[in-house]
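4 protein chains.
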Amino acid sequence: MPGNTFGHALRLTTAGESHGPGNVCILDGVPPGIPLTVEDFFEDLARRRPGQSKIVTQRKEPDEPEILSGVFEGKTTGTSLAILIRNADQRSKDYSEIKDLYRPGHADHSFDAKYGGRDYRGGGRSSARETNVRVAAGVVAKKILAEAFGARVVAYVKSVGEIEAHVPDPAAVTLAQVETLPDGEPNVVRCPDPEAAAAMVELIDSMRKDQDSVGGTAEIVATNVPAGLGEPVFDKIKADLAKALFSLPAVTGVEYGSGFSAARMRGSEHNDLFQPHPDGPPKIGAASNRHGGMLGGITSGQPIVLRCAIKPTSSLPREQATVNRAGEAATISTKGRHDPCLLPRFIPMAEAMVALTLADHYLRWRGQCGAAAG
Amino acid sequence: MPGNTFGHALRLTTAGESHGPGNVCILDGVPPGIPLTVEDFFEDLARRRPGQSKIVTQRKEPDEPEILSGVFEGKTTGTSLAILIRNADQRSKDYSEIKDLYRPGHADHSFDAKYGGRDYRGGGRSSARETNVRVAAGVVAKKILAEAFGARVVAYVKSVGEIEAHVPDPAAVTLAQVETLPDGEPNVVRCPDPEAAAAMVELIDSMRKDQDSVGGTAEIVATNVPAGLGEPVFDKIKADLAKALFSLPAVTGVEYGSGFSAARMRGSEHNDLFQPHPDGPPKIGAASNRHGGMLGGITSGQPIVLRCAIKPTSSLPREQATVNRAGEAATISTKGRHDPCLLPRFIPMAEAMVALTLADHYLRWRGQCGAAAG
Amino acid sequence: MPGNTFGHALRLTTAGESHGPGNVCILDGVPPGIPLTVEDFFEDLARRRPGQSKIVTQRKEPDEPEILSGVFEGKTTGTSLAILIRNADQRSKDYSEIKDLYRPGHADHSFDAKYGGRDYRGGGRSSARETNVRVAAGVVAKKILAEAFGARVVAYVKSVGEIEAHVPDPAAVTLAQVETLPDGEPNVVRCPDPEAAAAMVELIDSMRKDQDSVGGTAEIVATNVPAGLGEPVFDKIKADLAKALFSLPAVTGVEYGSGFSAARMRGSEHNDLFQPHPDGPPKIGAASNRHGGMLGGITSGQPIVLRCAIKPTSSLPREQATVNRAGEAATISTKGRHDPCLLPRFIPMAEAMVALTLADHYLRWRGQCGAAAG
Amino acid sequence: MPGNTFGHALRLTTAGESHGPGNVCILDGVPPGIPLTVEDFFEDLARRRPGQSKIVTQRKEPDEPEILSGVFEGKTTGTSLAILIRNADQRSKDYSEIKDLYRPGHADHSFDAKYGGRDYRGGGRSSARETNVRVAAGVVAKKILAEAFGARVVAYVKSVGEIEAHVPDPAAVTLAQVETLPDGEPNVVRCPDPEAAAAMVELIDSMRKDQDSVGGTAEIVATNVPAGLGEPVFDKIKADLAKALFSLPAVTGVEYGSGFSAARMRGSEHNDLFQPHPDGPPKIGAASNRHGGMLGGITSGQPIVLRCAIKPTSSLPREQATVNRAGEAATISTKGRHDPCLLPRFIPMAEAMVALTLADHYLRWRGQCGAAAG
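Residue numbers (my numbering), protein chains in the order written: chain A, 81 to 454; chain B, 81 to 454; chain C, 81 to 454; chain D, 81 to 454.
To be clear, the hints were calculated from the coordinates, so they are not data collected in a lab. Treat the hints loosely; a few may be bogus.
Identical copies carry no separate label here, and so any pair may be met within one copy or between two of them.
Claimed, not checked - Below are the SDA-like pairs computed for lysine to any residue, each with C-alpha atoms no more than 25 Å apart in a straight line:
{"no.": "1", "residue 1": "289", "residue 2": "360"}
{"no.": "2", "residue 1": "179", "residue 2": "252"}
{"no.": "3", "residue 1": "179", "residue 2": "291"}
{"no.": "4", "residue 1": "223", "residue 2": "450"}
{"no.": "5", "residue 1": "289", "residue 2": "279"}
{"no.": "6", "residue 1": "363", "residue 2": "262"}
{"no.": "7", "residue 1": "179", "residue 2": "138"}
{"no.": "8", "residue 1": "289", "residue 2": "345"}
One chain only, chain A, in its complex shape (with noise of 0.2 Å):
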């Protein structure tokens, strides 16, 4: 079983490489009827394209989508929907020299282990150049979403080194602060609190210049999600968020609602205690959000709340020692223009990967369960 496919009823396939003629995706399951046109996805794309400031990568890809297909007079016809975005701005001259060398913290090493050879130019298949389709599928998963439920998924930076934000309501985060700062100055990081926001600009300002790299976290937040996404067993929603975030590259580790810090409480203090709905039933409420929003592998009703580590860029300019294909000692410096730290482009891809995934979850209830329910 390949895998190159992600989700169920509403499925995604993409193909591409870095350094190849461009990647594509087929997104298939799309209801139809939905509103959707090529500019629809230039926001999403924009925010995940290099060289947008400072502290990202200057690489340049456009990244124009074309929709190849599934889409007639301006909507989803139903049928499976796919979408072109070209590479342009390849120099492959910058990876010619790796080809013989395993560059630290990638996969070099593991597809030749794999597949007895790679594609050397720029991580190939493994680059992180494949996650532009799946942004612009995202963009199509938050327009179901939006029109199922009015639900929206907005991620932010939560962390970048020891920099912490303070985000007092995550649920009440909005676009506009993930993307502007107070005084109209695009928020670069993507952090919603302006001073750490400040702060985590001027470290990894520092990280590029002292040829460095440095980790984070993100936190993504989905609301307006009903009650009754999911599935008990193996495709509990935590689980299967779970999965399209390690399924992004340089997660390592996720965690939903309390996390890891559950580990260290007591069950009184744990449980979110249920208390009567404003609306009535069949909506409860709840004192607290500590579950983060899924309870048993289904949507609680409650703002789902994850939240990712983001490991620091592996590609150093800096010197490093490794082994080449031979198995001798080498030492290497990656020439590529890369990213200090990850976490601003990641954004973007989180809200893809949460939406896709619940958007899945909406339509696979929506055949079982029917109109009714929810």
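Following the hints, put chains B, C and D in place on chain A, whose structure we already have.
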């Protein structure tokens, strides 16, 4: 798409509720010719079973598995393997009074929202009882991995509440250490650090007496897994392992290798530098294993190291505030017999899910890349 | 990818051999709230069962189904539904002598080639005994279709050997006609043309006396299925129905509507001309139904009409030439009790597979296109 | 579950409409290291292409494939392989007048019923144009089979209308015979019996002149496929091959081996008697091949022989009665350029689907049973 199936080349489908006739699984795709008898299931089922020691629930569940198909003359046939474990000690009277109450921390309300009703006897499908057939299936997966690579999967309790075990080399922990203390007594908490184990037992026992519960973390290690398992994009091995662990009840976080600590690190301190391997190429070594045995979604040949956070048991004998199905405020105290800490019995479940995931990816890799790779 | 699962939104997974403990199925994705008791399975299981009449095999199989999960208080819960049917009359001594012989027309050698061995007791996994759980699952699928559309699926014997039934309007055939003759006697051959039925019984009986067997064709009709089920490309409804029927033992051909006769026709005589429907749009009528209720892979609203060819039973009590496992020439005569014609017992199997396929596509369509469509 | 994916271990996902920018496929699971260039697609695409001869449609479609990913330095990498074929000669003005009419024999109304609308330009997603990427993917499947077993798949026209070819040994038919007549001229109808071929050409040409169309049958033969491919129950090789062929447009019937003629036969005349194989065990021979190379859902080692019926082209230039979207009676005559007989261009499509199915089962078998089996 229903959600009771896990895996692709090795595919586990399960059914069963805590208070119905029993749980059954169909494990499909098992290679033919693997020696297997019903006795092979006994050890891991005993490790998962309630009533093993004073620190776990005192429910009696005999967990006697029956192989319904897929084994002939002591070996797997290659056709679908079904295992049935009947329920015995059902005591459904314990649960009838909660029929119209939503237990805090449980999926009762989420089930009603999803399906318009639920089997209210002891959690029904969302009871952890369903994991017994996962553990049985995991035994087969462990055999596949052992035969293919001499690989083994061992899990253990890393922390309970604030008590953290000291485990200098995760890859060196043995099943014997997890199950038996140096003095030959059973290691009821399944922590390989004897001093921490003693403190954990004490803490869990105090929770029980206090009608409370406590969370913790587990660490899972797979050794002798070759480089090359996993897929570069969606079905990254880390993603599928995270889904596997998050599909287990009460898991609130998963990390691998450096995990969340990576978020605080610099690239220059985080990267594991490759070095020549004593066996020579195609194997390569690494000076450290902060990458937890996985790079770019593919195993690296280093030990696979995962951790997960388990929340404190939600069912508490003490009174808690909640609402009923009519949406009115109410109180509840769970009368059923529950574990004050889920960790000791979680260990074999985690091993099973990790083994199933790795065996699945092994067969997928063998299908695509054939015998020569790996 | 193992091959013991059928369907996507409604997904049937089975296990079991003819001479093991029994057969079990897990039907996943069943909508919640459908009334279901174990008695609902009795009628179709009785139609499939051996020993019903003198023209079928005299093996005794009680076929007592047990619902293991997925039903609570008389209704489906929406979680996975498991049904177990234990084997009773196994008589494995009948088969021990063919352990090292390859029966003509059977998969004995193919199993050895695939798996390196086989369960040689009565066909093991390739025995038609596995179809009992398919028939049970089909009962649930029929309920889903009846509840959704008032749709029903009826199959009947169209021909045995050279004897062809006259069925002027396939869509008008009732279950009562298939099961009972005009004189109130059981219609043991399940052909709705009483004259043909009598001749078929005579022919089959003569085959039995002659230690021989005979083939035939079955026709399957689904009525009240709305336009809109199926997918335009790979999962065409005709393709999934053909797979469903070909997945049954002994099926050597499948056609729908005009079928193979279309190959001899001109377009001007083959096209079914649309005409206004009495109910008005969106429904449309058709002057004829050579398209068998399916156009471009999607149902048209006309009755779905399929036919399949069933080969004569391969197991014969007379002596036949073959080879043994050592590759040497040998002779064999099958001592087990076998049907001289498979058609009468094939009917409920065909209905089950067609119902499962249609119910699957109904849930898939509801998931993608929602309640408004159809 | 969307329906634009075919296969499991070798998985083809497609998108595209007849009058959109183009068709694209992602073929996932391709073994690494297979030599592949864009030129490899030319021959089969040319066989499928319109405008090859006077008996097929005169539409001009250049069918220039572009490999977007999955090939590096002339070999497959093992990552997902994407192929794009842009549409060129779209002439959508031909179709605008049928926007509100339902063409007899087409899925126009079924699409409206399913999706609430459709791309009315030339069939949109249900146009046979989508098969061009299937044919391209089939080229890769043929390479996999050739490399693994020296297996090959050849299809040819067996009958057109009442004209039936005489093909004494299906397994001996070569691609050269299918493509070229004994006199060196192109075999435009793709029938290996030259006399029948000439009569077929004449018949098809007379249909064209008569503004009519005609059906026919195709035979597909796969040789050198070893015993052991396929699954005993649902994913029988005959079931998956039937689904593959029925997924192609205009197929109304599929049979294998003795097919529908088996329904008229006795077991004693139908059974193929096994006999020692010249190579010795584990191979065995058979005195005849009425079983078409498949027994119990698994290949037997004999040539695989399938036939399918193709209905006459539904689009006719002559006037036909129908209804419009408002449900009113109307007439229609299709102005687009269409084949008077679909068979000649169907041949490469059938080969592609059969090759994809067999290659999928080969990889599935290698995954489960490993290198030793077969």
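Evaluated hints:
In this assembly of identical chains, the alpha carbons of residue 289 and residue 360 never lie at most 25 Å apart, being 56 Å within a copy and 37 Å across copies at closest. Taking the shortest alpha-carbon separations for residue 179 and residue 252, neither the intra-copy value of 47 Å nor the inter-copy value of 35 Å comes in at or below 25 Å. In this homomeric assembly, residue 179 and residue 291 come within 25 Å of each other (Cα to Cα) only inside a single copy, at 22 Å, whereas the closest approach across copies is 61 Å. Taking the shortest alpha-carbon separations for residue 223 and residue 450, both the intra-copy value of 20 Å and the inter-copy value of 16 Å come in at or below 25 Å.
Taking the closest pair of Cα atoms, residue 289 and residue 279 come within 25 Å of each other only inside a single copy of the chain (15 Å); across copies the shortest separation is 47 Å, beyond that limit. Proximity of residue 363 to residue 262 under the C-alpha cut-off of 25 Å is found in neither arrangement, the shortest distances being 36 Å within a copy and 53 Å between copies. Taking the closest pair of Cα atoms, residue 179 and residue 138 come within 25 Å of each other only inside a single copy of the chain (23 Å); across copies the shortest separation is 48 Å, beyond that limit. Taking the shortest alpha-carbon separations for residue 289 and residue 345, only the inter-copy value of 16 Å comes in at or below 25 Å, while the best intra-copy value is 41 Å.
Hint check: violations occur at hints 1, 2 and 6; the rest are consistent with the structure.
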